[in-house]
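**Q** For chain A, the structure is supplied; the task is to place chain B on it using the hints.
Chains as they are written, first to last, in our numbering: chain A, 1 to 652; chain B, 1 to 87.
Be aware that one or more of the hints could be misleading.
[As the list claims (entries may be wrong)] Here are some chain B residues pointing at chain A (derived, C-beta under 8 Å):
| hint | residue |
| --- | --- |
| 1 | Val37 |
| 2 | Pro38 |
| 3 | Arg40 |
| 4 | Pro42 |
| 5 | Arg43 |
| 6 | Met45 |
| 7 | Pro46 |
| 8 | Glu47 |
| 9 | Gln48 |
| 10 | Gln51 |
| 11 | Thr53 |
| 12 | Met74 |
[To be verified] Distance ranges between label pairs, derived from CB positions:
| hint | chain 1 | residue 1 | chain 2 | residue 2 | range |
| --- | --- | --- | --- | --- | --- |
| 13 | B | Ile82 | A | Ala203 | 47 to 57 Å |
| 14 | A | Ala457 | B | Ile82 | 51 to 61 Å |
| 15 | A | Val460 | B | Leu75 | 20 to 30 Å |
| 16 | B | Arg43 | A | Val413 | 21 to 31 Å |
| 17 | B | Arg43 | A | Phe416 | 47 to 57 Å |
| 18 | A | Gly474 | B | Ile82 | 42 to 52 Å |
| 19 | B | Ser57 | A | Arg635 | 39 to 49 Å |
| 20 | B | Ser57 | A | Glu143 | 55 to 65 Å |
| 21 | B | Leu67 | A | Val32 | 30 to 40 Å |
| 22 | A | Gly34 | B | Leu67 | 23 to 33 Å |
| 23 | A | Thr630 | B | Thr54 | 30 to 40 Å |
| 24 | A | Leu651 | B | Arg43 | 31 to 41 Å |
| 25 | A | Ser450 | B | Thr83 | 55 to 65 Å |
These aren't lab readings, by the way, just hints derived from the structure by calculation. Here a beta-carbon is modelled for each residue, glycine too, at the ideal position from N, C-alpha and C.
Here is what each chain is made of, one letter per residue.
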Amino acid sequence: MPDIAPRRWLYLFLVLASTVAGVTQLLGVLQVDGLRWREAVILVLFAILFAWISASFWLACFGAVARLSRKNLLPLRPPGPVSAARTAILMPVYNEDVTRVFAGVRAIYEEAGPDFDFYVLSDSTNPANWVAEELAWERLKSELGPDARLFYRHRPVNTGRKTGNIKDFCENWGQLYDYMVILDADSLMTGKTLTRLVGLMDANPRAALIQAPAQLTGRHSLFARIQQFASSVYGPVFNAGLALLQGPDGNYWGHNAIIRVHVFMQHCGLPHLPGKPPFGGEIMSHDFVEAALLRRAGWDVWMAPDIGGSYEEPPPSISDHLIRDRRWCQGNLQHLRIIFARGLAMPSRLHLALGIMSYISSPLWLLLLLASAVEMMTAPALPDATFIGLQPSLPLSISHHVELLMLVLATIVLLFGPKLMALAVLLDDAEATRAHGGLGAVIGGFLWESLFSTLLAPIVMLQHSWYVVTILMGMSTGWGSQQRTDRALPLKYAVRYFWPHTLAGLAATVILWHTPSFHWFLPLLAGLLLSIPLVIMSSSPLMGQVALADRLFLVPSETRGLPVQDRAHALAAASEAEAAADRVGDIRHLVLEDARVRALHLALLAGTPAPPGDPARLGKLRAQASRRETAGFSREDWTLLLSDPESLKALS
Amino acid sequence: MDSQIRAFEQTLPEQVNMEQALNLPLPAMISGDRAGVPLRCPRVMPEQPLQVTTPFSILGAVVAALLFVPRAAMLAPAMIRITRRRA
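Just chain A, with the same shape it has in the complex (with noise of 0.2 Å):
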């Protein structure tokens, strides 16, 4: 294994060396006049910033320094002809769309075969969900014929979340497998992908973890498409940056990962933290956590950037992004009790402080805006030459005019750099630009997307900055389903939320207006002064269409096709055909109504804990459906009853 330490140091200095420049060279600019409190704010907040886009500048140049290399990212023992190891994939759910998540295990089961074995774990709160799961998975199994290996459990109570699901998994039947396969409910790996991760953990002994970066991939909105878009070029490179410095110190992303089951259960039992949500109580982002465990006990967590075969969807609007990101920012912002915890490796912290800087990022770049429009208002307007005694002295926007722009100048090259380099990547290989659509495509889908991600970051660094105070002053957030669907959101919704933005923007604009940097703000202002037609558009599956239609934003999955998503939709479109044919109701009473179902549902709920409920309740709604007077039935009423199989028995 070579030895990672000195690209480590190098990747150090050069990020503090870009970081000390930049600082520098404004404390020139700022200190002509004495430095007042207002710019040593200013100061100090670009010099965080600074830093923080350097980083990823030089992560970026790493990476293509390595793409264009051909280096080997992952410098593991390969992987032997044959597998004796058993494998569990794991699918969690949590009230998803039923046919979306066994039509995804049935391509992923066609593509691995029956070497694994595949487990449906759901924690649906809704009844008509768990039902749904039931009856799927029933039909499923028998479709794949006897010898399928594949489970469903429901847990009653959703204790711990996604992380107590998989520890249910682990203590009830961790101990029968080697290794486990964790994906996400809109996850697809392809067979050949999870055969090869399971011979490098054969081959691999200390390997506890093994990630293989998802390609996001198989939604079709506007905003969707251009995310696809910008994982499948810039991905790779960030990704092999990261390899190349992270080597075993890698991290967990929560899914398409294979872990080491035995070594997971013996060091990574995440406690509860002391307090209240949302810096108390249960782990949110675990994941991290879990790498992070599994390095302090002196196991190996790889990032397999080149594995390839492992995809996940983007989230289909800015507004379903934009709430997946306020869990996200609480799970992080959590890490800020966890990270000077002892015994943890500086990279396992480095990871969690990477994690907690970018939602924290936002509030500071707006503070760093604030400062700098109140500083701009502020300074006395003094004319274009004024003389302290004989000698000529000009306003600082002239006499620095070229540092002041230099500065300008290379915050842009670090934050459009990485995406260049990695354009320059995708270029050099003639397959991987013909698979994006050839050399027109993905100059006009980079153009579009830079555009389209200028005009996002400010309604981002609003949003997250939103997310980060209230979260400070103690508001917590659940951990709900994800909305995976693809919608034009209407413009009534889009008003709702984004209003804020918009006015904003409005404001900032009216305050700015005069000032002679406004042209400056311009990027920033139109981003939140469009959030609201931004969102309409971009969440619109038609204007994906369209967008598709003239080439923009092509990914290999779309020119070549990609045969387990395409099976995926296939059954997914089938199923609810089929569904929309035979339409049967509210799927509960079916657990009433039909003796097979009822039949089938106590065959699952065997053996499950019942959940806690008011046995003289159970009983008055027992009474209540024996007589099929369900109608008043609330969420709960239906759970309790459902998980009480001598209520159930009593109904035949």
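**A** What follows is chain B alone, placed relative to chain A:
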């Protein structure tokens, strides 16, 4: 190992199948041994110790740094001289 593990998956009495659950003849498409999961093989995942930071611990670290870092910095030249003399 494989055969030993498979032994855990045999249907045992506590895995109630559908006929047992309802005592009814079921449609042929639902086979008798179709429990949702293999036999449980329980083993507890121990919670890992994580000494987390609290506002007080952060404050303590800041105070300690303010107290000891300047002191160590002031003492450093003397310590270097002592070390050199010993050498």
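**Q** Would you list, in rising numerical order, the hints stated earlier that this structure does not obey?
**A** The structure breaks hints 12, 15, 16, 23; every other hint is satisfied.
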